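Chemist: Take these sequences, add in the hints, and give me the full structure.
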Amino acid sequence: MEAVQESGLNDFVIKLATVNGTGSASANSLLMRAIFRMGIPVMGRNYFPSNIQGLPTWFEIRVNHRGHLARTGRVDLMAAMNAETYREDLAEVSPGGTLIYDSTWPRDATLAREDVEILGVPLARMCNEAFTGVRPRILMKNVAYVGALAALLDVDIEVLRGLLEETFAAKPKLVGPNLEAIDLGFQYASQHFDCPLSTRIQRLDERREHILIDGNTAAALGCVYAGATFAAWYPITPSTSLMDGFRTFCEHFRKDPATGKNRFCVLQAEDELGAIGMTVGAGWSGARAFTSTSGPGISLMNEFLGFAYFAEIPVVLFDVQRAGPSTGLPTRTQQSDLLACAYASHGDTRHVLLLPANPEECFQFAVAAFDLAERLQTPVIVMSDLDIGMNDWMCRNLQWDDDYRPDRGKVLSADELEELPNFQRYLDVDGDGICYRTYPGDHPKGGYFTRGSGHNTAARYTEKADEYQEGMDRLTRKFDTAKSLVPAPVQLSAAQATTWGVISFGSSDGAIREAIELLAEQGIHADYMRVRSFPFGAEVQKFLDDHERIFVVEQNRDAQLRSLLSLELDVAKERLISVLHYNGLPIDSPFVYRAVYEQVKQSAAA
Amino acid sequence: MTFIAKPQINYAGQARNALDLTTRDYEGTISTLCAGCGHDSVSAALIQAFFELDISPHKVAKFSGIGCSSKTPAYFLSAAHGINAVHGRMPAVATGSNAVNRSLYCIGVSGDGDSLSIGLGQFAHALRRNLKMLYIIENNGVYGLTKGQFSASADVGTKAKKGEVNEQQPIDPVVAALGLGGTFIARGFSGDKEQLVPLIKAGLNHDGFAILDVLSPCVTFNDHEDSTKSYAHTRQNFHRAIRMDFVPPAEPIRAQSEEGKTVSVVLHDGSRILLRQASHDYDPTDRSRAFSYIQEHQERGEIVTGLLYIDEDRGDMHTLAHTIEEDLVDVPFEDLCPGSDALAELQNRFR
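Chains as they are written, first to last, in the working numbering: chain E, 641 to 1246; chain B, 137 to 487.
Hints were generated in silico from the structure; no laboratory data involved.
For clarity, every value in this text was computed on a predicted model and none was experimentally measured.
What the simulated footprint calls covered on chain E by chain B, stretch by stretch (three residues with Cβ under 8 Å from a Cβ of chain B suffice, anywhere in the stretch; the number is not a length):
(1) 895-906
(2) 910-920
(3) 941-955
(4) 1035-1043
(5) 1076-1082
Cβ coordinates follow ideal geometry from the N, Cα and C atoms, glycine included.
Modeler: This is the structure we're talking about:
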């Protein structure tokens, strides 16, 4: 049975099909932000090609007054602005939906659908008449379709005007032509169609405490607030905007007022091996340092991750995951680096992972990652993905506590070293597996030789069996300590007692929450847990113990979370039912709904 | 072999430097390299140079990769932090460290395998960033730790201990560095401490990436008759293009020009290097001349040594990155975190 999902007032999906590199992204963003400003929960998803100009690209805006912003697979209003994809765009519109297209040129008459209302707006013709120059005409055509959509959806023109004035505050001359283009589309639609549609906006004004932000920007901001001074990277989609954001924020916040010089250093390395190596060097020297990358970069960084694990050097990594393996789909999302990150590098290694589900958590976990990396003296990988990292999500306002001070972990100061008879870098004095470290240059007694080869408590080279094994066992102890320090899972209890559980991580969250709500309406109840970190704490084991059957929902082919749960915790594999979405698009709520519904009904029948 | 502690032997009359330290304070643990290894002579030269420069041992950060050469930072300056990184990736680690802790002297010790094969890319890019560090390549033409395979610096026609002949072109780090735009390019010989010590001193004070290629014979795998990296071959064929003295900032110039003219180059910290031309037509500030000079001599089978090229005015990585003069690690958190009001203000742009 399908979930009941009907479009209507403040509840619909718009999809805009355009050509990459024509400036449609800013027009699409304008429409989304106008809806957001009118107080309705909204999210935009960009399905873009690995290309700079010329290939088809889509932007999908979900509007939902209840705050469900996952993908639905539904399209209520299609702006089909790309002739090349017109056929498939029309086919994608949900029954009863509407499509607008540029009627300057005739469309293929054989392409028609009884159940879709098709509205033509002569956008190119109107813009060619109103504007001069090739580029302005192309750009204004995008703005004009926003105007037409505004009329169809009842978007407040004054809100659009306000946004344009803010956007072009530095170039006020551009406001006029943009408003003119909006008006062209708006007037045409108002005069020719029955505006507004039933799928339309009505002001709610309930979202004042929210922002629209992408995860990469939020993570970059978290790095600034955590006090990171060093970052090294190699350009890779979809993580590039994280480092761009960090640099931009630093240019704004981190100039020495006296000299104008940088209180930060961002280096573009020659490759990801260089990027992680630099980060390790800076972390070893006592700076808060990070690198951002995606799957292919993680593969390259493996050797250094093992080094930092074994030599116990704090570093923070952001893995903005994309569809793999290999180059995979560089501009599509996936959660398929989980195992590669959890056990990155040869030998016995395990790494601390933080698993944010949205930009707000990207901000919070960026800060937590630096604290954990320094507390635990080990790499911490924040695993976001393209959907979180590059799309604008509606989030609660980011909060900052001015009493926050970084947790630098166990570090001996020069004074403490002076008092100490002798310093042993890898001596666990209090049983938590974490040893005291020193910063280079602080005190002659603090010097030691850091190495990825076997070492004893005094950091001396060793091949002695017992000394090596002692060190490896201490690292296990340290990893156990991490369990109580990492962010706890988030739980959502069903309205009534149930033996069914759902477990997931990261960006799958939204689709699951919506599906669970829809399932409950059908009398199917399940408790939900979203794990937010690795290693798993006691709550995760308890959740597995408390439920007979547990759906493990994730966005990869090989059920990596399920594997990790089976490897690290005590659970019979057959109790874990995989729900896997891995086509590169963000997981949608009907998909989760169907998977759970069918399994539960089947079990009931059996 | 595990670590052997080195006894501290102090005796009356030991020379003391301006910090009241003896050379013992600049030593490390006992070397586990083969007896007679050239690398140990380089470590000894480093100890002498740091001692004579009155550098506090813990104000140095030591970096290395993997290989025999990369073990040596354990054998000097025990009080300094050192890091024995992964193979060929030491330049990246040094880059990150220097980026945040620029007040420390930064020294890297690498080998021909570590720098010219697996780490050629990192070597080139550290040079390109003009990272302020002394980068020593202890060059012996072979992989010692894995028992004698040719490295990328092995000359054509050179014979391995087991008889195999190398037919691939060698990569000469000095020629590579000249081509890549290096700003301090020198070559020395582990058997010539008199030349090596001033080269180390100058390299440590250069305002950028100082590459010092040191021919450092492998006594176990590459010191035989058919090797061009043996002690005998190097002694016989090495040719000092230039003689050099290093003069710390406060000291007056004493050295006298013996032959040819003396050129003085002032380093960033005010110290000077005095270049006395052994060969009257050599100019170490002329990159293209350095190229042709080295190549002319190479064709004659001669190994040109000395400070072969210097450009003190390029500006190091920090100059290019516009970082503050202080160490980034010393900036207080209050100056790094913009605070809640700024965050609230900033978020207006996300509405």
